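2 protein chains.
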Amino acid sequence: MTAQKDSSKAAPGRTIISIDAMGGDEGPATVVAGLSRAAHKLHDIGFILHGPREELEKLVAKRRNLAGICEIRDAQDVVTMEDKPSHVMRNGKNTSMWSALESVRNGEATVCVSCGNTGALMLLSVVRLRKLDGVYRPAIAVLWPSRNPQGFNVMLDGGADIRADAKDLMQYALMGISYARNGFGLKRPRVGLLNVGTEEHKGRAELKEAHDLISANARRADFEFVGFVEGKDLPGDRCDVIVTDGFTGNVALKTGEGTANLIGELLRKAFRHTIWSRMASLLAYTSMRRLKERIDPRRVNGGVFLGLNGTVVKSHGAADATGVSAAVKLAYQLSQSGFSEKLAARVASAAMLSDEDENESEAS
Amino acid sequence: MTAQKDSSKAAPGRTIISIDAMGGDEGPATVVAGLSRAAHKLHDIGFILHGPREELEKLVAKRRNLAGICEIRDAQDVVTMEDKPSHVMRNGKNTSMWSALESVRNGEATVCVSCGNTGALMLLSVVRLRKLDGVYRPAIAVLWPSRNPQGFNVMLDGGADIRADAKDLMQYALMGISYARNGFGLKRPRVGLLNVGTEEHKGRAELKEAHDLISANARRADFEFVGFVEGKDLPGDRCDVIVTDGFTGNVALKTGEGTANLIGELLRKAFRHTIWSRMASLLAYTSMRRLKERIDPRRVNGGVFLGLNGTVVKSHGAADATGVSAAVKLAYQLSQSGFSEKLAARVASAAMLSDEDENESEAS
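As they're listed, the protein sequences go chains V and D. Taking my numbering, the leading residue of the first sequence gets 353, the next gets one more, and so forth. Taking my numbering, the leading residue of the second sequence gets 353, the next gets one more, and so forth.
A portion of the hints provided could be inaccurate.
Since copy identity is lost for identical chains, a pair holds within one copy or between any two.
As the list claims (entries may be wrong) - Mimicking EDC-like on lysine to aspartate or glutamate, the simulated pairs with C-alpha atoms at most 20 Å apart in a straight line are:
| id | residue 1 | residue 2 |
| --- | --- | --- |
| 1 | K554 | D435 |
| 2 | K621 | D589 |
| 3 | K584 | E609 |
| 4 | K584 | E551 |
| 5 | K410 | E423 |
| 6 | K539 | D574 |
If you are wondering where the hints come from, they were derived from the structure by calculation, not from laboratory data. Note that the structure is predicted; figures quoted are calculated from it, not measured.
Generate coordinates for the entire structure from the input sequences, incorporating the hints supplied.
Dropping the structure here:
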């Protein structure tokens, strides 16, 4: 598959990203503003933009730097945040979300970006793009602000599937490593397995089994396995990739977001409390803005669906132009690096390793 | 049991709390300082203090307000943070932790406070105090800083047991309500069940079952059940008591703490960044200190073991005198309100309800 360098009618020789213009809380104007912002930085990017043609044509016409690099595909229906995934699956053929995935399915793009309904996007992605050969369960990888030099960690699964057995967790590790390498240039990512303590005797049975499986793969593939990690390591620097089931991952993710939001709120109140603290807030403005950017969910909001034939970047439903632009840049980076193919190769090689294991144990 | 008003050799007519002086990171001097601080506010409190007599006598003698209200029980051994719970169980008879629990076991106190090794404390507590009649699994209840008027929420289980089925979760709800009422005076606590979404069709099978069980009990007992809640509701105001299994609870707890610590660290860096932000940090000093107190883990650090014959307050291992004092005040409040007896009554009445249910369904 060479779609990322393929020519499209609108943008020959460019890295093409498929964009769902609808379904985000802020509407298509915000999405188009985000594309324009991304295109200012990425000079060989191109878009296939899915949604109601008339509305999108007007919005795109207002952005001069999108001229000639943004092809519009008409799709009149919209998936709302309230739509049940199964309903969208049955009745969503004319939605922008469906259409955006179709461009990945038919090879016009290797990565799709949507701000829409996560459940519907996940179900449509799995059904339309299908799982990669050898993948047991696809996963959502999310970014956590952290103490690591890169400024964040990768956690998966963030909520694609509430279940995960030992083999699933091992694959999450492999997919997470591939993502950290190709999306962020980490050469030898360190992987941790989320548990209630770091001692090897702790935790559920499937975690002990997953520990051994990941450990066995680490020796042969090229990554470091740091063993069990705890909730505090999600924003920490003990590892770069943290593996867990989608139930635990989703609770942890929302707990972290909720905690950060509460502290932000209390901080704003503290600054308004006295005349002195109001003056302080003026003086500290630049430093505070820098801090806010560092932990801003809009900048780390690209949840990415892994394990499918093609990659889907789920941007936050409430993403503004900055958020959309960040998601598009991530999509571009993944497309450029040939991520989908590399992830497929990694999963395939692990499958071969596990066949070898079986042969070895048969022989012994 | 009337131990909380019982006379003790050292302190007749006082509310007696049993204290493990050893095992915390800061040593017995910090624990004794915490007791002294608590005794300044609580004039009818008394202590049975467990640890090496000579060392403790010197420390207590330095605090004038502890004279006559602090009986020392000699225990020469100490449980370290590295000791395995099973090792302590077999060889720990002469430790201060064991001795402190013994005072609850024999009715001299109804509540015990320790800063020591959580795993060992939990195992010793379960084995020595034994589960309350009708309780399936004891749980650790922890406090979360939150948007609620009381300033925090109660979450359980924080990590006593990595498993929990529907009946366990239902009991956690009952125990959490009793704790919120007697520890903090919340008249009609609202209970939520932690899940990956608020829709009733989401999540694991045991959660759907627990949803129905809790819902059935809410109608008859006097509490409000708000249904499924998400990670972001832990610091939120949708409910006061949040129920989950000990694996998820422990990960969420450590994730929340880790996130708060990272933000605190980044905030300090932001304030040091420029001359303006340094001036700002001086101006905002009082407001910032107020914020810090609000989310300070030392003030909300009383993890409490529920479901045993007697109550055990686990203070943070790194607690300073403020932290110890906060844990002692919580222990006093629980002892005063006759919490152990009320929790036992609540669990017993729920057991009766469920027998009635069985009779009803037999009759119908």
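Hint by hint, here is what the structure shows:
Taking CA atoms no more than 20 Å apart as the test, K554 paired with D435 passes between copies only; the shortest distance there is 14 Å, against 40 Å inside one copy. Proximity of K621 and D589 under a CA criterion of 20 Å is satisfied inter-copy only: 17 Å between copies versus 30 Å inside one chain copy. For the homomeric pair K584 and E609, the shortest alpha-carbon distances inside one copy (14 Å) and between copies (7 Å) are both at most 20 Å. Taking the closest pair of Cα atoms, K584 and E551 come within 20 Å of each other only inside a single copy of the chain (15 Å); across copies the shortest separation is 28 Å, beyond that limit.
Proximity of K410 and E423 under a CA criterion of 20 Å is satisfied intra-copy only: 13 Å inside one chain copy versus 82 Å between copies. Taking the shortest Cα distances, K539 and D574 sit within 20 Å of each other inside one copy (9 Å), while across copies they are farther apart (57 Å).
The earlier numbered hints are all upheld by this structure, with none contradicted.
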